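Participant: Sequence:
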Amino acid sequence: MAYHGGVTGLRGGFLGVDIFFVLSGYLITTLLLVEYSRTQTIALIAFWARRARRLLPALGVV
Numbered sequence: 035m036a037y038h039g040g041v042t043g044l045r046g047g048f049l050g051v052d053i054f055f056v057l058s059g060y061l062i063t064t065l066l067l068v069e070y071s072r073t074q075t076i077a078l079i080a081f082w083a084r085r086a087r088r089l090l091p092a093l094g095v096v
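Position in the sequence shown (from 1) plus 34 gives the number in our numbering.
Hints are computed from structural coordinates only; laboratory data are not their basis.
From a predicted model like this one, the values you see are computed outputs, not experimental measurements.
Ideal Cβ placement from N, Cα and C applies to all residues, glycine included.
Worth double-checking, as some hints may not be accurate.
Unchecked claim - DEER-style ranges, computed between Cβ atoms:
1) ARG84 with VAL56: 35 to 41 Å
2) VAL51 with THR73: 14 to 20 Å
3) VAL51 with GLN74: 33 to 39 Å
4) ALA80 with ILE53: 24 to 30 Å
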């Protein structure tokens with residue numbers, strides 16, 4: 035958004051993409067650590083299934 039607003043120094047949005055991936059990594063790691071602290075295991079298939087059930091309906095709407 036800032037790039038389209040004419041803010042200089044943000045060409046191509048590369049910084050925004052990097053920030054998005056860093057934040058996503060931290061958030062997903064937090065979810066996995068919470069699951070590990072509760073169950074002492076990480077069920078990756080169940081984790082990705084829960085994420086798909088939460089995100090795919092929004093993808094279908096868009």
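Participant: Find the hints from earlier in the document that the structure breaks and name them by number, from lowest to highest.
Facilitator: 1 and 2
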